[in-house]
Amino acid sequence: MEELKNKVRELLKAGTVQAVIGYRAGSDEKTARVAFVRQPDEADGLILDPRCTDNLAVYLLKPEVKLLGKLAIVARPTTARTILQLASENQLADGQVIVLGVSADGKAVVELASFEALEKFVGQVPAGLTEEEKVLLAKIEGMSREERWAFWQSEFARCIKCYACRAACPMCYCSRCIVESNQPQWIPVSPHDEGNLEWHLVRAMHLAGRCLNCGFCAKACPMGIPLNLLTQRLAEEAKAAFGAVAGGSATGEYALSMFKADDKEGFIR
Amino acid sequence: MENDNKATGAFEPKLVAFVCNWCTYVGADLAGTSRLKYASNVRVIRLPCTGRIDFMLILKAFAQGMDGVIVSGCHPGDCHYTVGNYHARRRWILFRSLLDFAGIDVRRVHFAWVSAAEGAKWADLVNKVSGEVRELGPYKEYQGLAGKGIA
Amino acid sequence: MAVATSNIPNIYKPYLMRIEKVTVEAPGVRTFRLVFTNPEEAEKFTFQAGQFAEYSSFGDGESTFCIASSPTRKGYVECTFRQAGRVTSGLASKDVGDVIGFRGPYGNTFPLEAWEGKNIVFVAGGIALPPMRCVIWNVLDLRDKYKDVTILYGARTVADLVYKDELAEWDARPDVRLVTTVDPGGETPDWKGQIGFVPAVVEKAAPSAENSIAVVCGPPIMIKFTLPVLSKLGFKPENIFTTLENRMKCGVGKCGRCNVGKTYVCKDGPVFTFAQVKELPPEY
Amino acid sequence: MAETRLIRKDALTKLFEKTRQSGRRILAPKAKGEQAFFEEVTSFGEVCLDHVQTRSSAKEAVFPKCEALLRYKFGDKGAVSYDEKPFEPPVTVVFGTRPCDARSLAALRAVFNWDTPDKFYLEREARTTIISVSCTKADSDCFCTSVGGGPGDTAGSDILLTPVSDKEYLAEILTEKGQAIVALAPELFATAGGAQKEPHLAKVAVQFDVNELAKTIPVTFNDEKVWQEQSLACLGCGTCAYVCPTCACFDIQDEANRQGGVRLRCWDSCGFSLFTLHTSGHNPRHVQSQRWRQRVMHKFSYYLERQGMLGCVGCGRCSRACPVDMNLVEHLKELALHGRNG
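Protein chains in written order, with this note's numbering: chain A, 1 to 269; chain B, 1001 to 1151; chain C, 2001 to 2284; chain D, 3001 to 3342.
A few of these clues could be false.
[Said to hold, decoys possible] Every beta carbon over 10 Å from chain B, so not counted as near; a handful from chain D, in silico: (1) Lys3018; (2) Val3052; (3) Ala3079; (4) Ala3106; (5) Glu3125; (6) Ala3138; (7) Gly3152; (8) Thr3154; (9) Ala3180; (10) Ala3202; (11) Asp3209; (12) Lys3215; (13) Met3309.
[As the list claims (entries may be wrong)] Taking lysine to any residue and the SDA-like style, the derived pairs with C-alpha atoms no more than 20 Å apart in a straight line are: (14) D/Lys3030 <-> A/Gln183; (15) C/Lys2262 <-> D/Phe3044; (16) A/Lys260 <-> B/Pro1076; (17) A/Lys264 <-> B/Val1083; (18) C/Lys2094 <-> D/Asn3257; (19) D/Lys3032 <-> A/Phe36; (20) A/Lys66 <-> D/Val3287; (21) C/Lys2094 <-> D/Ala3256; (22) D/Lys3073 <-> C/Asp2098; (23) D/Lys3030 <-> A/Ser154; (24) B/Lys1060 <-> A/Ala157; (25) B/Lys1140 <-> A/Asp193; (26) D/Lys3215 <-> C/Glu2279; (27) A/Lys30 <-> D/Asn3327; (28) A/Lys62 <-> D/Val3287; (29) A/Lys260 <-> B/Arg1052; (30) A/Lys66 <-> D/Ser3273; (31) D/Lys3333 <-> A/Ala25; (32) D/Lys3032 <-> A/Glu133; (33) D/Lys3225 <-> A/Phe36; (34) C/Lys2262 <-> D/Ser3289; (35) A/Lys62 <-> D/Ser3289; (36) B/Lys1148 <-> A/Gln153; (37) D/Lys3073 <-> C/Phe2036; (38) C/Lys2267 <-> C/Arg2103; (39) C/Lys2262 <-> D/Leu3304; (40) D/Lys3077 <-> C/Thr2037.
By construction, these hints were calculated from the structure, which means they are not laboratory data.
None of the values given here were measured: they were computed from a predicted structure.
No residue lacks a Cβ here, since even glycine has one placed at the ideal position from N, Cα and C.
Make the full structure from the sequences, and use the hints.
Written out as structure tokens, the structure is:
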């Protein structure tokens, strides 16, 4: 922890960055929230513990945050992968952000100033679903189709179309989302059952092969819809079908931006 | 086109086919000019390439009351735009998996490669899909979404 | 369980209006003349200069424009709009005989009675002439009640000038002083009006502020540079009127979009004096 | 009007039965994961009153997330006609609202009944009976007492139940609508005796002086730095507005096919960048700090001036639901202080 605070002070004092995006204590003992540290002495307020799960990469593309100047960001492996995925989609340039990589156990902090260093860093941490996530996914996959339909319909029925899932997603950076294109209006604006289903499937598909499974969408959902299951399912499929895993490289392609002539499928007639 | 066969009163599925301009559309045309008889309950919508067939079109087709969807284009290696169908294939692999996971009946979504020369394959495809979807009956689940959730 | 329904009217239900006439004013700009499909509604309907309405293209939604015709012309209302988004594109695809929705009139009005006996100076830019056209005709139809009438109107190009026939009509009238201008480069070889930006043209035309009211509508940049000119000419902020345009959905103070601070443009406006505008927080 | 009675907790099952039999729909908190949501229930057994507060508010009963304002049909040659049916929303009992939620109806009504009465809201409200349950516990996000409410406040409720023992609720029957519910099963309601509700209520400390806040925030309006700092973490997701019991802003959308269509009203949020965006591209509130300012100013300043009441009931839902932990009370305290310090 001291290591992180010292790094942050150093970076700010030296003027290497103008702001560091990290975590500080939140409203209660169970919550952490984002900190935008701009003065070296503010580094004292930083924390790094199991509460710190939000994917702070969402702030890297926020206009107001960009205005703060050059940024450093405290990044757990998932956030680090997010940064690489954003880089591979040309949303971040090499050297634009200094990443303070946090090891999986949350103890060590390393300064990663280049994407190359970041790639090495994430390469050491296995990506993929946790055992817990796999169990939940398998539970739904194990249902009959009718049960799955009923399950998702009851979940989607609660959706209020606030798009908090989109706002919280670091990969949802389109300046104009498909739901805001209204000529024609592809996805109904209103939160009725048809519009909700279409929205959730579109959201998942637009994240197919790109999702880093940070879970911020599900956390943000005020209605408690487990919508990260959809993107998890797609990530698993992309891995199984194409061996593609998002966020490993700053230059690589992702599952749907490339193809192989011998991609296997068994359902095309 | 009604959902019932006027003569018998039996259910006739409504199908839509999204096909590419260069292969399947020509293949379907060939089926016609060759006077091959095949099920008449399919509406063909021609798009430039399978790569252009947005997955939303499939959802919209169900939302508009279709009971089954066919998506078809050039065989791998034959794409007029070189690689459109390879990209499409990847997208379908993921999308089909997502549909299935969301509980949508993937037996109602059929993907195929039909070349310009395969008029007979087209006729056969439409007949088979038509038969399969007829067995499944009308897609009431999805059609029931319309207006649901509006107070 | 049955409960008696009350008779509260549905405030979101538009009048059904038939398009009687379509005029293409400028590229992408159209004027519709609308008549009520229900004569009873036509009978009861009244409005005053400055008010606005919600116009529906059924299937696309509603859009907010002022009423561009004068309340002195009975039996119809007119609106002028530029095709830009989903609703205006839907409206633009309509033709004579088609039915659209009209919900209104909403908002406050220009205090035309208080202006009686005064000179009136209209300054408009581009597509902002429609809200003023309503007042202009209202004043011209009651010409005796007002003194000098000056109309200063500018657009980017000659093609962008709206109500070309009416401009000619006003120009021909001895009791109206009309000055038209287009931005430099926007003129045609046979253009007879001024060339220059509206503020400069106002300065040159120098209408007297003595016993005068100014009405200014236009893009924010035009208004920003015109106000100091009017001020220099001696116009006081409380004698300069404008209309504010904010995004609206309901038009009746509920949907929460159009407020500038505590002021709701739909209820307290759209007509404001610049004395009032100065008091608004800078959020419009 | 107010009458006080006692009702046994186990009698609620019967009361629910009678209420359902009378043709009323019942909305009540139902547990889902760690949260509770207002949903339609058929029996008292489904109800969960364990949460300090439900995630979603009860406004859904009177202001649904998506409702039809009108339906129309297309005819030949550009003709349009209305497809009119009488508007008969379901007669509803909302059970298990907290006193803060019950108070929120007044704030909603103030908007929907402002000069031009909104049929949809008013008729739904007229058919809705609110049976609230007083708070015996509160959490750090609760601040009802700072905005004029309280854990046992009766405003807006038709019946207020306060648990006075493990087995009994003190029932305050506050309105005719409340009496109509009692009349469904009068045998369940016993005389109150000397039971008092105050000792059983949660203690909610006053966190800021709302009158001071109302004075200080308009002064802070042009201090952009304050709003920028407060909203730097804001993702503009709109969750706060969607869970808010008093947020009444809405969008109107058409959905149609070749035969006809429907004009729908759905919830909207001032936190969205598109909310005020003009077609021209101009946006009066073009950055998130202005949108955050709008939200705070609307609830604590504009509402007071235009509707004569606060637009906040202190339920704390926005703070609990915010994905980035923007805490309303924390910001309000800061604003109150900031204005004071000039």
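Going down the list of hints, with the structure as the test:
1. Lys3018: holds (25 Å)
2. Val3052: The assertion about D/Val3052 holds, with a minimum of 28 Å to chain B.
3. Ala3079: holds (23 Å)
4. Ala3106: holds (22 Å)
5. Glu3125: holds (14 Å)
6. Ala3138: It holds; D/Ala3138 is separated from chain B by about 31 Å at its closest Cβ, greater than 10 Å.
7. Gly3152: holds (31 Å)
8. Thr3154: holds (28 Å)
9. Ala3180: Label holds. Min Cβ-Cβ 23 Å, cutoff 10 Å.
10. Ala3202: holds (33 Å)
11. Asp3209: Since the minimum Cβ distance to chain B is about 39 Å, D/Asp3209 lies beyond 10 Å and the statement holds.
12. Lys3215: holds (40 Å)
13. Met3309: holds (26 Å)
14. D/Lys3030 <-> A/Gln183: violated (39 Å)
15. C/Lys2262 <-> D/Phe3044: violated (44 Å)
16. A/Lys260 <-> B/Pro1076: holds (11 Å)
17. A/Lys264 <-> B/Val1083: holds (16 Å)
18. C/Lys2094 <-> D/Asn3257: Holds, at about 16 Å.
19. D/Lys3032 <-> A/Phe36: Judged against 20 Å, a Cα distance of about 34 Å means the pair is violated.
20. A/Lys66 <-> D/Val3287: holds (13 Å)
21. C/Lys2094 <-> D/Ala3256: holds (16 Å)
22. D/Lys3073 <-> C/Asp2098: holds (13 Å)
23. D/Lys3030 <-> A/Ser154: Between D/Lys3030 and A/Ser154 the Cα gap is close to 14 Å, so the pair holds against 20 Å.
24. B/Lys1060 <-> A/Ala157: The given pair, whose Cα atoms are some 19 Å apart, holds under the 20 Å limit.
25. B/Lys1140 <-> A/Asp193: holds (14 Å)
26. D/Lys3215 <-> C/Glu2279: Holds. D/Lys3215 to C/Glu2279 sits at ~17 Å (cutoff 20 Å).
27. A/Lys30 <-> D/Asn3327: holds (14 Å)
28. A/Lys62 <-> D/Val3287: holds (11 Å)
29. A/Lys260 <-> B/Arg1052: Measuring from Cα to Cα gives roughly 18 Å; hence the hint holds.
30. A/Lys66 <-> D/Ser3273: With Cα atoms ~17 Å apart, A/Lys66 and D/Ser3273 stay inside 20 Å; holds.
31. D/Lys3333 <-> A/Ala25: OK: D/Lys3333 and A/Ala25 at ~18 Å, within 20 Å.
32. D/Lys3032 <-> A/Glu133: Status holds; Cα separation ~19 Å.
33. D/Lys3225 <-> A/Phe36: It holds: about 14 Å lies between the C-alpha atoms, which stays within 20 Å.
34. C/Lys2262 <-> D/Ser3289: holds (17 Å)
35. A/Lys62 <-> D/Ser3289: Holds, because 12 Å separates the two Cα atoms, which is no more than 20 Å.
36. B/Lys1148 <-> A/Gln153: holds (11 Å)
37. D/Lys3073 <-> C/Phe2036: holds (18 Å)
38. C/Lys2267 <-> C/Arg2103: holds (14 Å)
39. C/Lys2262 <-> D/Leu3304: Given that 20 Å is the threshold and the Cα spacing comes to 10 Å, the pair holds.
40. D/Lys3077 <-> C/Thr2037: Roughly 14 Å separates the two Cα atoms, so the pair holds.
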